[in-house]
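Residue-level listing of the chains:
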Amino acid sequence: MVMKSFILHILIIAFTSVLWGQKEFISIESSNNPVEKGQRLIITIKSNVEGTLDFDLPDEFEQSGATESGMSSEVSYYNGRGKVVRFSYEKISGQFDDEGTYRVGPAKITGKNGVVESNILEIKVVKRQNMISENPADNMNRAIFGIIEQSGREIYEGQPLILEGKVYAQVDILQVERYFPFQLEGPSESHELQQSNQVTRNYEQIAGRNVMTFRIGKMLIFPEKTGEFVIDPFETILFYDDKRSVFPERTKVRSNQSKVIVKPLPDGVPPSFIEGVGEFKLEANVDTTELEQGSVLTIKIYVFGHGNLHNIEPPKLNLPKGMILYGDPEVDDSVLYTSRGSEGMKSFTYYVQANKSGDIKIPAIKAGYFDLTSEEYQVLDVTLPVIKVNPSEDAIAAGSTQNSQTPDIQEKLLPPMDHNDLKIVDDSMFVGLEGVLWTSTPIVLAFLMGAVVRRRKSTEALRANRNEQNETKQKVLQNLNDIGSDENDVETLQSVKLAVQNYLAIKFKVETSVISSTYINSLSDDKMAPETKSSVISLFKSIDELRYSGGAVKGDGEHIAKTAKRVINEV
Amino acid sequence: MLYLTVSCSLISFGAIDSTALNVQQLIKSGQLDDALDILEPRLQHSPSFSDFYNAGVAYAEKKDYRRALGSFESALKIDPSNRKAQINAAFVNKKITPKEVWENPFSWTDRMIIAFRSFWIPAILAVSLILSVIVFLYVSKVSVRFSWMKKMWFPVLLVLSISLYALNRLHNHHRNHQLAVLQKSKPKVFISPDGVPVEGEIDLPLRLNIQDYSQDSSWVSINNNDERYWLKSEDLFIY
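Protein sequences, first through last, are from chains A and B. Quick note: the first sequence uses numbering that gives the first Met the number 0, first residue 0, plus one each step. Quick note: the second sequence uses numbering that gives the first Met the number 0, first residue 0, plus one each step.
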């Protein structure tokens, strides 16, 4: 370990000595010059001077990734003699997104011998060149390249355009780090059909070589104008396995640029054209085939298919006289975006008032669209059942019958009437404070009556309880008076205790068995005074002692009965 | 019982209109001005549905479609579901603005509440009585044959709440005059009720929602495209 550290120190000292011995220099270099707009380039600053580096990049330079630092050496030849130059370097990768000439530098290092200044590098940024051929075989000089695949070079207005990136690699791709999708230079509506982080690799034979491929960024585009549109390249940053390097390498791949021509639809547009381009079917139904005059009929039209389904217009209804369309139709859709465009179903609900009685035949509903397979306009039609409209009571009252001409609101005013004398309801007595009074008066009265009845009931119950208490008290006292001086047996003592317990049970509205010393002790002072509590407990204790000690003598029964009478009176 | 008797005596809606037949005959015979001479004073004081409706017919026959529309919609304010008034309102609306489809100015909720207008007051009275019994049973704690009524407190309270809400809405519907029909296609529009006119022509819809009235009700304010304007009440048929 000590040996390794020693050798390392020797090497560092030797390397520093070599650097120290060289002429001081600092330079700025670019990996490409000129570069395309958006093309990745590496700016390298080399120097053998130790000190603080002062260097600013132009604001237009978009740095992509971290700055790489290290030490290296190279051989420079002068007069046929090679000289090893050792230096430290910093590499900064990035791009310029606008055309122009940009000045990079000078870089300055303040060292022990003063300030050393580098050259100024002028980088010319030119417009993007379409360097990639649409034919993969022509690009086999590149390790990795990308090509835009498109569903057509020329499409019709409204026709969906499918764009997809395809990457060809003659090295092993390890990871797709970032993806920047292609863009149509013009107004358009875009829908992603594939997530860019989900790619599946394949292998193809191109120019006799086995090439790995994958597709990325599949997109559905609906151009919104006619004309020629440029499709800007897609870009992706990839990690690939470079056999010459220990670590995976990172590269940015830019595809070719493409074009699409959006043609206007041919002449001969049918009057029932719903702006549909693709392939469609038509269905329709009504909610009822019989209704009363003046009622509303619901007509529902469904358009199924694929193409630009989401952009189609509602089919026009050609209604007979006496049928009035209310407002615009309600639109509902169930559309998915797929490789065939927007696909699914779109429904239109029309509300039509039938103001004329009789059997109404609604003309066939027509919907024209441009068929991409035949490249011709097609007109779909669907017929609705005959609607039977029964005359309303108002129409009959107005002097019409089912077979005669009913008054049509479009043509005739209904006559004056003589019987509808409905007026505004005088409800003011039931609104506001008066309304509250009207509503709450019976409720408040009921509350008061209920309270009175409840109080009366409770007073009666209280009175009954008092009467019962008094009767029990008199009975108990009578029984205790009957106990003579000779009675001192256990039964007598027990009967005294029971009499007291009975009285207390009625007094406190509990069962007789509940009355005990513990219960008495638990009573609050407002229910029984503390002195009375002590008397009752003492009485119960005396009775129990005499009963269980067997030492009751003559006169004990009478004494206990007297004590019990005093306690009852106290209670 | 007294409460019931007084309450029942309050549940009466209008009386038979004896002059309506005469007005009808006048309109049918083309004596429109005579019919309007009878109707117009009546429209100011306790007008009936047929007063508004017949005035609408008379105005329409005189080709005064804007006033006719206001009359028909006023009639609909009393009975929004009346088909004759709806048909005639749609007819005159088409005469004024052929491209616009007439729509009933009153919401479905209002129409429902008005359709059951004779139900709400009896419902409130009946439900108040039932609620009183329930309150009595709860408070008195007496046990009687109809003690089961105590379980009905929730539905009873629900019906009472709905009825009170409906009656309040009905009251506001009749008392508040929030709609108006323009009497001229291009009325003078002002930025304040003191008469500062708005420059240029303002495109107003045929039917306006009134936001506010001036103190003496001679001016009304409306919102049009998020802008507040004032119009003279005399340029509008307010209902």
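Don't take every hint at face value.
Stated by the list, open to error - Here are the simulated DMTMM-like cross-link-like pairs (lysine to aspartate or glutamate), alpha carbons at most 25 angstroms apart as the crow flies:
{"hint": "1", "chain 1": "A", "residue 1": "K422", "chain 2": "B", "residue 2": "D36"}
{"hint": "2", "chain 1": "A", "residue 1": "K315", "chain 2": "B", "residue 2": "E99"}
{"hint": "3", "chain 1": "A", "residue 1": "K422", "chain 2": "B", "residue 2": "E39"}
Think of the hints as simulated: they come from the structure by calculation, not from any bench.
Do the hints match the structure? See the list:
For the hint linking K422 of chain A to D36 of chain B, the alpha-carbon distance of about 20 angstroms falls within 25 angstroms, and the restraint holds. Note on K315 of chain A and E99 of chain B: the hinted pairing holds, with a Cα-Cα distance of about 17 angstroms set against a maximum of 25 angstroms. A C-alpha spacing of about 16 angstroms is found between K422 of chain A and E39 of chain B, which places the hinted pair at or below 25 angstroms, so the restraint holds.
In this structure, none of the earlier numbered hints is contradicted; all agree with it.
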